[in-house]
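Same order as they appear, the protein sequences are chains A and B. Each residue of the first sequence is one higher than the one before, starting from 7 at the first, in the numbering used here. Each residue of the second sequence is one higher than the one before, starting from 2 at the first, in the numbering used here.
Hints are not guaranteed to be accurate.
[Said to hold, decoys possible] Straight-line distance between alpha carbons at most 27 Å, and here's what the computed DSSO-like set of lysine-lysine pairs gives:
1) A:K275 with B:K107
2) A:K168 with B:K110
3) B:K107 with B:K71
These are calculated hints, taken from the structure and not from any lab test. Predicted, not measured: the structure shown is a model, and the values here were computed from it.
Single-letter residue listing:
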Amino acid sequence: MKKQKAKLRKRVIIAAVFAGILVLIAVFSGVLAPNDPYATNSELIRQAPSAQFLFGTDNLGRCVLSRVLIGARTTIASTFFLVAISFIIGMIVGMLCGFYGGIVDDILMRIADLMLAFPQMVVAIAVAGILGGGLGGAMIALGITMWTSFARLARSHTLSIKNEPYITAARLQGKNGLQIMMTHIMPNILEPVLINALTQIGTTMIGISGLSFLGLGVVAPQAEWGSMISEARAYIQIAPWAVLFPAAATVITIIVFNYLGDAVMEYRKAE
Amino acid sequence: MNRNENKTPVLSGRDLNKEYTNRDRKVRPLQHVDFDLYPGEILGIVGESGSGKSTLLKVICGIEKPESGKMFYNGEEYTGKGPEKTGKFLQMVFQDAYGSFDPRMKMEKSLKEGTGASKDEIVHAIGEVGLKEELLDRRPRHLSGGQCQRMSIARALLSHAGVLLCDEITSALDVTTQAQVVKLLMEIRDMEQVSVIMVSHDLALVSMICDRIMVMKDGVVVDQGKTDDVIANPSDEYTRKLLNSIIAV
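Here chain B stands alone, though its shape is the one from the complex (with noise of 0.2 Å):
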C-alpha cells in the first residue's frame, strides 16, 4: 500500500516533546513523538479527543513550538519558525470551514487576499474542487459546509504547498458530503502529489483512505505502520480498542 517508502520523507518530525501547565497541572500533550510523511502520501493520525493529534498539527504548522525536538521539510530542520514561514510549503484544511475564512470577506477577496492568485487561477482551482464559478461572490455564511470545505482546499491548491494538514475536516460534514470530501482528496492527491496528514478520531474513515497510520494515546505514539499492518496486526492495546469500537458499530 505504502508507495513511497524508498523516498526521503517530505515531512518529518524527531523526538517532539510538548508541555504547559493547566490548572497547576502539567500537561504533556506530545511525548517523544516521531514521524515521516513521504511524498504523495496520506498520513493518518488517530486518536480520541486529549490525545495530542491537534497539537501535533499545531506544533508542525509552527503555530506552538515544541519544548524539544526538531521538524523537517526535505531534509531542512524548520524547529521554531512561525507559520509565516511554514505556510510556504503546508497548508492547512481546517474542522470548522465556516471558521476559516474572514466572515466579512466575499469568497474571491478570501482566495485572493491569501494567495495572492488572478481571478483566472481561482476559477481555475474552485474548478478542480468541483465548485462553480459564481460562488466567488458569497460570503462563507452563504455557503454549505460542503461548499466551504472545498473553497478551503481549493485555497491550500492555490498556494501550490506540497503538505496539506488535514484537521477533522469532516467530522462537521452529513455523511454524503463526507464521502464527497475524502473522494476530493484522494483526487487531489493524485492529481497534484500533495502529500496528506489527516487528523481525525474516526479510525474507519482513516483506514479507508490512508496509506499508513499512526494512532496517538496521551500525547504518544502507540501504533504506526501501513494501514494494512496495523489494522491486521494492532501492536498496541488501545489500537486494538479502537479497531474493536469499529467492528462493533
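Isolated chain A, as found in the complex (with noise of 0.2 Å):
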C-alpha cells in the first residue's frame, strides 16, 4: 500500500512539474517569443522550420514559434479563468442547493439537468453562435454548462456532511447557516470539488480551441492555438508545420492537465 501511495506521489509530482512548466511557458511567453507574433512579412510567407524560424513561418509570414508561445497565454489563462469561475460558481450554488434545499434547489438543479442534457459542445457552439465571435463569447457559452458539473458536486457533498453531528453541534454553537457553510462545509467538500476542477482543465481547453476553430471564439489575428490551426489548415498540403506545432502543443497541454487531474484524484483514492 505505501509503496503503491509513493508511486502515485511520484505520478503527481511529475505531472505538476509539466503542469507547471507549461503554465510558466504562459507566463512569460512574452519573454520567450524570439519574434514578434504579430508581424507579417510578405518575403517570409510559409518558411519550412529553420534555424531562424523553429516552427516555420505562416500564410502571412508570421513566426509560428512565438505565436504558439504567445497563444499559450491565450489557451491556458482563458482555460483557468473559465475553471475558476464555474468553481466558484458550482461551488456557491451546490452548497446553497445542498444546504437549504427547498424550492430554490429544486429550481437550480432542473436547471442544471436542462444544461446536461445537450451535449456541452453543442450548447457551446449555440450560444456561441448567438454571442458572437470573441473569447469572451467562447468563455460565457462554455461557462454556461460548465458550472452544473462544479454544483452538482458540491451538492452532493454538501448532502451528505449537513446532517453530521459536527454540523448540529455548530448550530447549537450558535452558527448561522453562512457560517457553518464557510467554517464547516467548504474546508470538507473543497478537495472532491478542486479534483474534478483539475480534470475538467482539459476538457475546458478543447472547448475553447474547438470554439475558435469553428470561428467562434478568439478572433484574428489574436494567436490562439484553436484559431491558428483553423488558419492554418486552408494550405495544410504546403505548409503543415502552420498546424502541425499549434495542435501538437494543444494535445501535449491537454495530456498533461488530464494526466495531472487522473494523477490527483487516484492519489487521493489510495489515501
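Each chain sits in its own coordinate frame; assemble them with the hints.
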C-alpha cells in the first residue's frame, strides 16, 4: 500500500512539474517569443522550420513559434479563468442548494439537468453563435454549462455532510447557515471539487480551442491554438508545420493537465 | 432518589407530536409525549430502536419541529426555535464522538470556534474532563473514542449550558471507557449542577445513573417515574420485558 502511494505521489509530482512548466511558458511567453507574433512579412510567407524560425512561418509570414508561445498564454489563461469562475459559481450554488434545499434547490438543479441534457459542445456552439465571435463569448458559452458539474458535485457532498453531528454541534453553538458553510462545509468539500476542476482543465481547453477553430472563439489576428489551426488548415499541404505545432501544443497541454487531474484523483483515492 | 420533585422543571415538553411520511407510510415517532427535567437531575430515556427517543432529542434541541405540542425552558416557551437559539441553554453530546468534531480542525480550534472560550478556559475545561492539554493540538481521528467523547463533554461545559442532552454516548465505547464516561457525567452533574437527559437503549446503564426513567415504545411514553419505582413496579408490559431482558443477561 505504501509502495503504491509512493508511486502515485511520484506520478502527481511528475505531472505537476510538467503542468508547472507549461504555465511558466504561458506566463513568460512574451519574453520567450523570439519574434513579434503579430508582425507579418510578405517575404517570409510559409517558410519551413529553420534555425531562424524553429516552427516555420505561416501564410502571412508570422513566426509560428512566437504565435504558439503567445497562444499558450491565451489558451491556458482563458482555460484557468473559465474553470476558476465555473468552480466558484458551482461551489456557491451547490452548497446553497445542498444546505438549504427547498424550492431554490429544485429550480437550480432542474436548470442544471437541462444543461446536462445536451452535449456541452452543442450548447456552447449555439450560445457562442448567438453571442458572436470573441474569446469572451466563447468563455460565456462554455461557462453556461460548465458550472453545473461543479454545482452537482458540491451539492452531493454538502448533502452527505450537512447532517453530520459536527454540523449539528456547530448549529447548537449558535452558528448560522453562512458561517457553517464557510467554516465547516466548504473546507470539507473543497478537495473533491478541486480535483474535479483539475480534470476539467483539459476538456475546457478542447472547448475553447474547438470554438476558436470553428471561428466562434478567438478572432484573428489574436494568437490562439484553435484559431491558428483553423487558419493554417487551408494550406496544410504546403505548410503542414503551421498546423502541426499549434496542434501538438494543444494535445500535449491537454494530456499533461488530464494526467495531472487523474494522478491527483488516484492519489487521493489511495489515501 | 429524586432530589428535585418540589422544584420547577428546567425543561419541559407538553403533548409533543411528530409525524412524517416514509414511502407512503405514515410514521409517528412522537405521540402525546410529556416530560419534565428538573434542575441537577439525570433523566434517562430508554426504548428500542425506532421508539422515538432520538426524535425526541431532535425536537428538544430544535433540529426538528413538532407537529404540535410545546417546549419550555425554565417555564418559557421555545417551541419552533432552531438549534442556533436553543444552544444557549442546552448542548448535545453525540453517539458518534468522532463525527461530532470537524475532521479537519484541531481540537483547540473546534472548542474555541464553537464556544468563543479562551485558551485558559479550554485548558481548564479539558482538565475537568480528565484530558491533557497536549491533546488540543490533535485532530479527532488522532484521539481515542473515549478521549473524543470527553472532548465533546468539555465543549458542552464551555458553552455553560444548563442542560446536557446525551444521545447514546456510551454505545460506541468499550466497557471500561463506558464506565469512565458515565462516572465523569455524574461528577459533572454534581459539580456544575447541569441537568442531563440521557438517551440509551441500555436500561441497565440508565437504571444505575438516572434519577428518573422514561420508557418509550413506538413514539409513546409507556412508563415514567423515579428509577427505583419504575424498576420495582413497572406499569407497562414493555418495561417488564426490558427489565426481564436485563435479568436474563
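Going through the hints against the structure:
| no. | hint | verdict |
| --- | --- | --- |
| 1 | A:K275 with B:K107 | holds, 23 Å |
| 2 | A:K168 with B:K110 | holds, 20 Å |
| 3 | B:K107 with B:K71 | violated, 38 Å |
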